[in-house]
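Colleague: From first to last, the protein sequence lines are chains A and B. The UniProt record's numbering puts the first residue of the first sequence at 1, with every later residue one more than the last. The UniProt record's numbering puts the first residue of the second sequence at 1, with every later residue one more than the last.
No wet-lab data here; the hints were simulated from the structure. What you are looking at is a predicted structure, and each value in this text was computed from that prediction instead of being measured. Ideal Cβ positions, reconstructed from N, Cα and C, are used throughout, including at glycine. Treat the hints loosely; a few may be bogus.
[Claimed, not checked] Some, not all, of what chain B presents toward chain A, calculated at C-beta under 10 angstroms:
no., residue
1, Leu15
2, Ser16
3, Asp20
4, Ala21
5, Leu22
6, Asp24
7, Thr55
8, Phe89
9, Gly91
10, Leu92
11, Val96
12, Ala98
13, Ala100
14, Pro105
Below, each chain spelled out in residue letters.
There are 2 protein chains.
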Amino acid sequence: MSKALSHPEAEAIDLSAVLDALRDPIRRAIVLMVAEQGEKRCSSFLCCTTKTNLTYHVARLREAGVVRVRIEGPSRIVSLRRDDLEGRFPGLLDAVLAGARQDPPLARLVEDA
Amino acid sequence: MSKALSHPEAEAIDLSAVLDALRDPIRRAIVLMVAEQGEKRCSSFLCCTTKTNLTYHVARLREAGVVRVRIEGPSRIVSLRRDDLEGRFPGLLDAVLAGARQDPPLARLVEDA
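Construct the entire structure; sequences and hints are all you get.
Modeller: Here is the structure:
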């Protein structure tokens, strides 16, 4: 039996929580990767940080409603909640992603992933 | 002689710092007020919080490059750095302001100010 992880409903996604999730550059790198490359295993983000930090950062993004995480066997698969975010805060995600792409070290990290 | 407060140059405005500044609802209320009503004395925001907290919140917004603060006699006048923010992160400020307007207690606070 797989353990389901909790996610906020789309209408309960909170602006403070989303901005708090996105203010960290590691978390923005994760979001940029799933925005550009589609859903990814959690282990794909090990380029960005250590395993312990990664678990923490992905949980912060999930709890804020920015990403969805599902468990498949030993893996956690991360996808972007683009429609839910766009429905709640139109234009916010794209503005943050555009800002993240301007950041050369962060953009390089995403290209290399 | 008036003491000038430090502000980041437009091109040095950092995305992490801006999101960190805007993640707090009191700071979003301040930003929404100056966005809708133009520049205001710092004391106008006393509806939102205590004087000590207000000094802290306005400093956080200033240091992140979200607002400009100038000293006029005994007053501090706060204005929004809309063009600087729009130049650095197009669409971000408007998306956050739209989200702030959806928040009934925050929007009421701004209307009553």
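Colleague: Among all the numbered hints in the text so far, which are the ones the structure does not match?
Modeller: 7, 14
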